[in-house]
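Counting with our numbering, you get residues 149 to 1170 for the letters of the sequence shown.
Hints listed in this document are in silico derivations from the structure and should not be mistaken for laboratory results. Note that this is a predicted model, so its numbers are computed, not measured. Think of the CB as a built atom: it goes at the ideal place given N, C-alpha and C, for glycine as much as any other residue. Hints may be right or wrong, so weigh each one.
Unchecked claim - Distance windows between CB atoms, simulated:
1. L1117 <-> I550: 48 to 54 Å
2. P881 <-> D1131: 37 to 43 Å
3. V768 <-> V1014: 44 to 50 Å
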Amino acid sequence: MASSGLRRILVSGSVLAMACASVGYASAQVVDPQTTTPDAATPTGAATPDTGAGLTNVKAADGDILVTGSRIKQDPNNSALPLQIITNQELTRNGISNPEQLIAFLTTNGSGADNLASNADVTSGAQRGTNGLSAANLRGQGAAATLVLLNGRRVAAHGLSGSAVDVNQIPFAAIERVEVLKDGASAIYGTDAIGGVINFITRKDYKGLGLQAFNDITEAGGGNIYRLSGVAGYGDLAEQGFNVMGAVSYSWNEILRGADRDFVNGNQPNRGLSIDTRGTPIATAFALNNGTFLPRGPAGQIGTLLGGTTGTLGAGGATNVAPLTGLQVPGTTTTYGAGGINVLNLPGGAGCETMDGGMAYDAALWNAPSARYACAWDTGRAAVIQQPIQTLTYYARGVVRIAQEHELSLEVTGSDAKSAKSFSNAQVSSNTSNFQVAYPLNALTASSYNAVYNAIAAQFPGVAGNYGKPIAFRWRCVACGPREYKTETKTLRVAAAMEGPLWTAWDYRAGASYARSEAASVLGSGYFYRGTLASGAYDPAAPTAAGAAGPGLAGLINAGILNPFSLTQSDAAIAGLQAVSAFGQTLYGGQYEVKQFDYSIAGPLVRLWGDRSVQLAAGVDYRRETYSFNGSDAAAATAPVIFLAAFDNVNALRQKERTVKAAYAEMLVPILPGLEVTGAVRVDDYTGFGTTTNPKVSIKFRPWEPLMFRGSYNTGFRVPAFNQIFNGVTLSPYSGSDLADPVACPGGVPNSNNPACALIRPEIATGGNLQLGPETAKQFSAGVVIQPGPRFSASVDWWKIDVDDTIQTLSLRQLIDSAALFEDRFIRDGSNTIIGIDDRVINAGSRRTQGLEVAARGGVEALGGVLSTGIDGTLLLKKREKLTPTSPYSGSLIGVFTFAGDLGVRWKHNAFINYANDKVVLSLTQIFRKGYKNFALPGIAAGTVTRPEYNAFVKDYIIYNASVSYIALPGFKITAGVRNLFDTDPPFAVTYDGNTGAGGSWEPRIADPRGRSFTMSVEAKF
149 MASSGLRRIL VSGSVLAMAC ASVGYASAQV VDPQTTTPDA ATPTGAATPD
199 TGAGLTNVKA ADGDILVTGS RIKQDPNNSA LPLQIITNQE LTRNGISNPE
249 QLIAFLTTNG SGADNLASNA DVTSGAQRGT NGLSAANLRG QGAAATLVLL
299 NGRRVAAHGL SGSAVDVNQI PFAAIERVEV LKDGASAIYG TDAIGGVINF
349 ITRKDYKGLG LQAFNDITEA GGGNIYRLSG VAGYGDLAEQ GFNVMGAVSY
399 SWNEILRGAD RDFVNGNQPN RGLSIDTRGT PIATAFALNN GTFLPRGPAG
449 QIGTLLGGTT GTLGAGGATN VAPLTGLQVP GTTTTYGAGG INVLNLPGGA
499 GCETMDGGMA YDAALWNAPS ARYACAWDTG RAAVIQQPIQ TLTYYARGVV
549 RIAQEHELSL EVTGSDAKSA KSFSNAQVSS NTSNFQVAYP LNALTASSYN
599 AVYNAIAAQF PGVAGNYGKP IAFRWRCVAC GPREYKTETK TLRVAAAMEG
649 PLWTAWDYRA GASYARSEAA SVLGSGYFYR GTLASGAYDP AAPTAAGAAG
699 PGLAGLINAG ILNPFSLTQS DAAIAGLQAV SAFGQTLYGG QYEVKQFDYS
749 IAGPLVRLWG DRSVQLAAGV DYRRETYSFN GSDAAAATAP VIFLAAFDNV
799 NALRQKERTV KAAYAEMLVP ILPGLEVTGA VRVDDYTGFG TTTNPKVSIK
849 FRPWEPLMFR GSYNTGFRVP AFNQIFNGVT LSPYSGSDLA DPVACPGGVP
899 NSNNPACALI RPEIATGGNL QLGPETAKQF SAGVVIQPGP RFSASVDWWK
949 IDVDDTIQTL SLRQLIDSAA LFEDRFIRDG SNTIIGIDDR VINAGSRRTQ
999 GLEVAARGGV EALGGVLSTG IDGTLLLKKR EKLTPTSPYS GSLIGVFTFA
1049 GDLGVRWKHN AFINYANDKV VLSLTQIFRK GYKNFALPGI AAGTVTRPEY
1099 NAFVKDYIIY NASVSYIALP GFKITAGVRN LFDTDPPFAV TYDGNTGAGG
1149 SWEPRIADPR GRSFTMSVEA KF
């Protein structure tokens, strides 16, 4: 099958190539000069660009250009700034077709939950509201601590999250290069530039017409990626005094589900992984106390078949709703009914594995002896592991030269991205509060009811007295379809700029921009009206299906039309689901706007010696940011409840705004030949936060032409996002089985052998904090660059980031492990039982991070061309934190698993070998990500269970990409490649979160789930 798939892919790619080739052959003109920055063996990894990092392109008299991180024009390959330039050639040889893939490729980027795959499943806490978002996270400082620019100016944060920039809005077809500043830059740009800066730089003086077609087809099927783009430009700025250009791109990523890849497998008990959820496609029956609105038995019996869960163990019977003695777990006062009984897992049953994704519940691993006869279901197989997304981006730019020296430009860019996160089918569970449903015994259900009853009674005869009572259950409604959020994000950015000379060697830059990101999510498949009020009574406002006992899902279940004990549903059940569907209802939406005005001047201040002068730059910056978040009418108090829909009306915000007024200055002083010191300072006045001043000092020392030393010290800050301040409080019941009272049970890990370590399931409070302040940072760096020849360069940079007053939502495990520091966040009742945990965002404490970044390039002339090799790598030396100002620092967090935040991978590198001549480019790249400490489920964590194949450490992730480019005709290039050459699966990792039901057997923050794929790109320039 794989070989036939490969043939199909190659044939389709050949057809695409032939189609584009015929156009190129008929229309291609003389080859234009190179229009993008080429690779080179330099400190940045690229030749010195011809165009600056801003919107316009006025060079200094000596040819220096504006670079990311400085207002003083300079040569980026002879600078104190640790800058990496990602060229289009590098993107092509690695089959990188969109900004998200680029961010994941950067070794300096952290390993946080910042991509679409990481947020495709059920999320909680800070990850909520990230639908459709792909963000950058330089040096693992968080997505909100990385500044993303387009041509040197800000873009709007994502409309839903209001904190991080969605990189999918970047017009990739118009990009000339990407500059990554691996240093703090608050002294130049203000807030957010703590982890670093990523500046996407577009083409500036494009002429002609360029077309590109790209596909990336997986060998195993699913998750294919396609892109069509075009760019056109007219006018020669130097000769005609103007240039206009435009670019448009349409890309689409196809869906890939966990079930499409064998490595997504939550049923690996020997390796320490099994799923906690007992809601299964053939329902697991449960004991349940009586409820006022629960269905009754045919003779009016109250209660449910498996009895109750509280009270003294009883003998059963029509009027007894206490726990059944016949179901008692030996040596305990609980029953198997409390843990769930699935007929497939009883002696003589068909086995839980007969359900797709089913498995026997691992009672030992989850410290739940009463669940001995339950089944579980692999939620990870139902989730999307590559979200489908369709993205249209457009870019237009016009520039005119006035009086031969001044450039006036206008830039318009926008995007429209439609994504769909899809995850496990709804778990429908009986309760005695707002969803009082149970499977009844009636003429419609008798056959199915009796089959379930007979199977249970054969093992537990004590249920005989309860025959006829409805069956309470937990059920995954396969017929309901997977749950889905559909999100559309629209962005617009308009920027105008003017740049030119003032007087001898001095220039000015002026600009104004408006940027907007607007996002809205609606419910897709898998969502239905519950049909009940908070009391459990039927809700007359909810739709009612034909023949149902009442409105919504509740009416369908209580009538027996929906059968939770069958994999197939009747036509009446399917029609009933359609009648109570909530498809298309608004979930929430948001909008973020940025209005910015800036003006700066730069030039020589005083000549010191030779042709070297003190350079000065100074500027002012005014910015207004606004954010609003809309709830949904479907979540209004009077509206019928939509089952399991994660509305956020409590977080609805009318338009909030803040104003930023700033002034900055930068001075470069050439002290001695080869020795330069640059100082910068910026003062920002923030609405609600007062004034902050942030300096930066950097030094460059080149005692010998092949050797350069560089270093810097700077301070930075980050203000909280609007929603981190103003969000309301959301209460969510904790569903996991991995928490215990940390006071009664040191360590807070449940242990069924220790009553003090009984599991707890408190309500978790999340939300904003009106008292939240900014976080501050101090950053240091020191490095050396060696350039012994024109084809060799190597650099090593040490960096250190000290962040205080960190803005974060602590993980529950952090709170449990540090309970003595946060006693007030554990809410207890009169019996001292934890009933709630306050997990709202706080200024927590401090974080200390250190690392080394290495880069090397080398090449020789060989075989009629150039053979080159290179490596970019990041080594994490230190990652520690403390949660309060007075508490001690934690142990090392390098390579320690967490459900949220950054994994702290110790070492990452990208290494390549490349051969190029005038016609052909051959390339092989290795991508390496170091392994880390594996997560352990409660039984293993508590030491009560051992599993023979449990791996305490996750293996390294290593893949190879190969490509070949061929310039067949003037103006025509074709590139074919293979990503993940050896079809390496993501390494096995325990990532299952018992609270949300998300995760499973692999880590989307590290690995690409698509497997081997075949890429083809055809480019034609006319």
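Evaluation of the provided hints:
A hinted range of 48 to 54 Å for the beta carbons of L1117 and I550 is inconsistent with their spacing of about 39 Å. A hinted range of 37 to 43 Å holds for the C-beta pair P881 and D1131, which are about 42 Å apart. Remark: the range hint 44 to 50 Å for V768 to V1014 is upheld by a beta-carbon distance near 46 Å.
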